[in-house]
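Undergrad: Here are the chains, one letter per residue:
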Amino acid sequence: MEPLDIRPDLEALKAAYPAVEIAEAATGHFDIRVSLDQYLDVVKFLKDRGFNYPACITAIDWKDRLELVLQLYKLVVGSRQSPLVMVRVDGLPREGAEVPSVTPLYPGLNWHERETYDMYGIRFQGHPDLRRILLPDNWQGGHPLLKDFEDKRPRRPRLVRHRDMIVSG
Amino acid sequence: MEQTRELLINMGPQHPSTHGVLRVLVKLDGETITWAEPDIGYLHRCFEKLSESKTYTQVIPYTDRTDYLSAITNEHAFCLAVEKLMGIEVPERAEYIRVMMAELQRICSHLLGLGAMALDLGAVTGFLYAWRDREKIYSLFERITGGRMLYNYLRIGGVRNDLPEGIIGTPKDGRDKADKTIWGFINYFESYVLPEWDDLLTNNRIFQWRTQGVAPLPSEVAIAYGASGPVLRASGVKWDLRKNVPYSIYDRFEFDIPVGKENGDCFDRWVVRVEEMRQSARIVKQALQWLAENPGDYIAPKLPRVLKPPKGEVYIRYEGSRGEVGVHLVSDGSANPYKVKWRSPCFTHLQLLPVLAPGHKLADMIAIIGSIDIVLGEVDR
Amino acid sequence: MSLADLWAQHWFRAFVTGSLVLVFALGNFYITLWLERKESAWIQNRLGPMRAGPQGLLQVLADLFKLLQKEDIVPRNVDRILFLIAPFIAHIPALLIFLVVPFGPNMVVADYDIGIIMIAAVTSYAVIATFIAGWGSNNKYSLLGAMRGAAQMISYEVTLVMSVIGVVMMAGSLKLSDIVLAQAERGVLGWYLFPQFIGFIVYLIASLAELNRAPFDLMEAESELVAGYHTEYSGFRFAIFLLVEYVHMIAWSAIAATLFLGGWVGPTPADIPVIGPKLFGWMTGPVWDNVWGFFWFLFKTYLLIFILIWIRWTFPRVRIDQLMDLGWKFLLPVSLFNIFLTGVMKYGWNVLAESGSPLRWIFWLWR
Amino acid sequence: MPYSYVYLPIFALLAVANTAIMIGIPKYLLAPRNPFHGEKLETYECGELPFDDALVNFNIRYYVFALTFFVFDMEAIFLYPWSIVFQELGLFGLAEMFLFLAVLGLGLLYAYKKRVLHWV
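Residue numbers (our numbering), protein chains in the order written: chain A, 1 to 169; chain B, 1 to 381; chain C, 1 to 367; chain D, 1 to 120.
Hints were generated in silico from the structure; no laboratory data involved.
It is possible that some hints are incorrect.
Facing chain B, from chain D, some residues (calculated, C-beta under 7 Å) [to be verified]: (1) T43; (2) E45; (3) C46; (4) E48; (5) V56; (6) F58.
Straight-line distance between alpha carbons at most 27 Å, and here's what the computed DSS-like set of lysine-lysine pairs gives [to be verified]: (7) K40(D) <-> K70(C); (8) K66(C) <-> K40(D); (9) K63(A) <-> K152(A); (10) K27(D) <-> K70(C); (11) K329(C) <-> K114(D); (12) K63(A) <-> K285(B); (13) K84(B) <-> K63(A); (14) K47(A) <-> K54(B); (15) K136(B) <-> K177(B); (16) K54(B) <-> K63(A); (17) K136(B) <-> K285(B); (18) K147(A) <-> K54(B); (19) K63(A) <-> K311(B); (20) K180(B) <-> K136(B); (21) K49(B) <-> K63(A); (22) K285(B) <-> K243(B); (23) K261(B) <-> K243(B); (24) K47(A) <-> K74(A); (25) K311(B) <-> K147(A); (26) K302(B) <-> K84(B); (27) K147(A) <-> K49(B); (28) K238(B) <-> K44(A); (29) K308(B) <-> K54(B); (30) K172(B) <-> K136(B).
Partial list, computed: chain C residues near chain D (C-beta under 8 Å) [what the hints assert, rightly or not]: (31) S19; (32) L143; (33) I154; (34) L174; (35) I320.
All values derive from a computational prediction rather than experimental measurement.
Every residue gets a Cβ at the ideal spot worked out from N, C-alpha and C, and that includes glycine.
With the sequences and hints as input, model every part of the structure.
TA: Here is the structure:
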């Protein structure tokens, strides 16, 4: 099995979208930094070039901004060492960020986008069913994976039932 | 004339066949499912948020608890991520021990997954047979790691302790030593357990009725939905991260990738898992041979007490028991991970439920849930 | 004896025998429940109940005591009347079946001439209890279970009735004691198991479905419908359903033993005292005949119960459409064919036996 | 023997009495009664509060099965008397009943071909 080479694809991407920054990370994957308005086009381009497997989508909270990270790779039967690309959109506002959804392209990212919305508050435009997924639908306490999240719910007393006596601790 | 109405049924969170606290809303027209939607989050334990306040070593026990039926593979995935981030070389013996443990764990996990699917289809005996054999693996694991289900055995850079004396055994160990030596277990497993599964369930006519042709998943749909592991392979895609994106020392082992038909149904998913257990046993045998020939006690490198990986980012794709476990680790140079993202296969697979279920009977629903083999601990993390 | 005396006598006898049958049913329920646990444990490499009494014999008693102490809950939005009367209705057919079963040579409560039709009539009544329980519970799972139960039971009713016709043709009577006597002469070889082998298999499968036992326990499929039609029942109301299920199982096994395995008849021909009761010269006489008859009857019944339990703990559950397909598209044509075959064979023997042709030995089993 | 039909009501009565005793004794003597505690009185809906009434116009799907059931149960009633006396009736009775069976078998085949025996 031959190691899979994705450099031609990345060069083609660079040629088509000169504003895109492509860098190989020391840990083996390729970072593709795009601006928000080119994000959907770049993902479409990658999908057409055979990046058919949606691994994950998530965000990183850099305390002053959010960064959206989409991991994709090529699933080609019989290939080896298919490198991962991370499509990154940096500089999203920490509140009310809106990003086009890639669920229509990769239906497998449906729940991952919902989770990102749930945890970071990034809204995905065009998502078929953007609701909270892990937290309850009526959760009002914010988005937990943001670095400044704090649990504002009143502390529930721990009730320990001992015979007829209720001990709170 | 009044029309008949669809019945909205709520399966779970307290339902006997939802494998944990999964809730599935199902609309029924007669017995036929017209719409299904899983509702998750009942078991959310903030694994990712918690990890941000732990040191790298302290995260390992938490990874055990994501997919609690396949703890070693999760530890392995996390350790691989940190090692890649820090560029740590793992001793060869530790690598072999890790691979052997991971494959035993895969057998163990598949046994339970298959057993639970059999239980859902009404074959209680198959479930208890799976439990019996899992118990044997657990007693081996208990001697190796000290824990029966959640081990905290792997360390960044190696493993916590070497294999205890005499646990490897010899290739001649038979059924009587199945819970005393690993060789004994493997021999017992290959000569007794796998044929028994074939006799009891795989070749059972009723079982085939219940699973064949149920919920076929075309390979393109499987890839588009990010399916991985046995679910993907059952759809005929020959893709195994152990071979296609080799990590650790998997390229030193000989094993095959079992695949199903083009449109993998529940039966294909079953057969692929049974076949995978056989391949895992092959890997364990090779690892055991190497471990017996190369004794030694170098199982972990000397590392500082507090690990501070350099600034950077890593994404590990790992072939866990249920599919592709992705560990996305962001380090800011401090002792705590800046961000941990756990891409769990079950979470991704559960999205397939609304795709697979409509048009089938209510009874098929549980066959589908069983065949995609979800662990709610991993779905909700 | 005046007419009034005659009536009184019958009333009295009915009460006494009824009570005896009730005791018989309850006692066997106890043993069968224990047997099911032990046998399933044996199949599954477990020990089963071991703590309460030797080999867990008292476990069922302990469970019943537990159930006695359970609160009797009637949920708020159930259809109250239907919910409450369902266990009563369920219990009636379970007991009525035993009316016509011959336990021994002279041990039959009411030897109706239309015994088999009576059984068919009474058992099809059991579906009503299931349906009432499921509908009255106002629970979606119960409703689905009841729907499935009704479909399943009426479908297999037909198959069951058809599979028994072969036996009636062989014996020439609907009376169960006549059917047993017709099998008595030639010991094992005279049992209708052999000439009616197809009928026996069809009966066994269909009775599994009628009893809603695995692999056909669709109306209480615990992994799909939680507990099916009796999801809402608690305490002893639930225990009644459990009791009824097992009493039905005993009854069906008893009927199968009577129709296909010779009932109370021992395995040796009546005139060959080699093995069996006649070996012990002193164990003869009408009383001992009844005792031995009862012994063989119980033995055969428990053999069949054993097989039913064995099947239950071996096979996965079928799906509702597969169940219907099996019943209508396979078992029903097969049992129709069985009637045809029996008629031809029986007629063939009748014709050829007169002529003394050697060909008649082909039809020997169907004499 | 009409007297023997006395057994039917008596047995039914005994069954009902047994049920009543088995339910009644624990209910009034042994079992606790605390019906208004928690959500005990709700029907089971897998841990959620019940929504949507279960008694709806539900699509039961086996109307045709029920009709076919009638046909074949009727047939059975005709077959039973015949099966007792068919040895006396001889070839004519046999052939006639087989004709009857054949007609019904054809009916079943027709239903099969029309796919009404297909559970949907």
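Undergrad: Taking the hints in turn, state whether each one holds.
TA: Results of checking the hints against the structure:
1. T43: With a minimum Cβ separation of about 11 Å from chain B (threshold 7 Å), the hint on T43(D) is violated.
2. E45: holds, 5 Å
3. C46: holds, 5 Å
4. E48: holds, 5 Å
5. V56: holds, 5 Å
6. F58: holds, 6 Å
7. K40(D) <-> K70(C): holds, 13 Å
8. K66(C) <-> K40(D): Status holds; Cα separation ~19 Å.
9. K63(A) <-> K152(A): Judged against 27 Å, a Cα distance of about 20 Å means the pair holds.
10. K27(D) <-> K70(C): holds, 8 Å
11. K329(C) <-> K114(D): Satisfied, since the Cα-Cα distance of roughly 13 Å is no more than 27 Å.
12. K63(A) <-> K285(B): violated, 49 Å
13. K84(B) <-> K63(A): Distance of about 25 Å is within 27 Å: holds.
14. K47(A) <-> K54(B): Violated: K47(A) and K54(B) sit about 37 Å apart, past 27 Å.
15. K136(B) <-> K177(B): holds, 10 Å
16. K54(B) <-> K63(A): Roughly 18 Å between the alpha carbons, so the hint for K54(B) and K63(A) holds.
17. K136(B) <-> K285(B): holds, 17 Å
18. K147(A) <-> K54(B): holds, 14 Å
19. K63(A) <-> K311(B): Within the cut-off at roughly 16 Å; holds.
20. K180(B) <-> K136(B): holds, 8 Å
21. K49(B) <-> K63(A): holds, 15 Å
22. K285(B) <-> K243(B): holds, 18 Å
23. K261(B) <-> K243(B): Distance ~20 Å between K261(B) and K243(B) Cα, so the pair holds.
24. K47(A) <-> K74(A): holds, 9 Å
25. K311(B) <-> K147(A): holds, 18 Å
26. K302(B) <-> K84(B): Status holds; Cα separation ~16 Å.
27. K147(A) <-> K49(B): holds, 9 Å
28. K238(B) <-> K44(A): holds, 25 Å
29. K308(B) <-> K54(B): holds, 12 Å
30. K172(B) <-> K136(B): Distance ~18 Å between K172(B) and K136(B) Cα, so the pair holds.
31. S19: holds, 7 Å
32. L143: Hint holds; L143(C) Cβ to chain D Cβ min 5 Å, cut 8 Å.
33. I154: Result: holds, 5 Å to nearest chain D Cβ.
34. L174: Nearest chain D Cβ about 6 Å off; hint holds.
35. I320: holds, 6 Å
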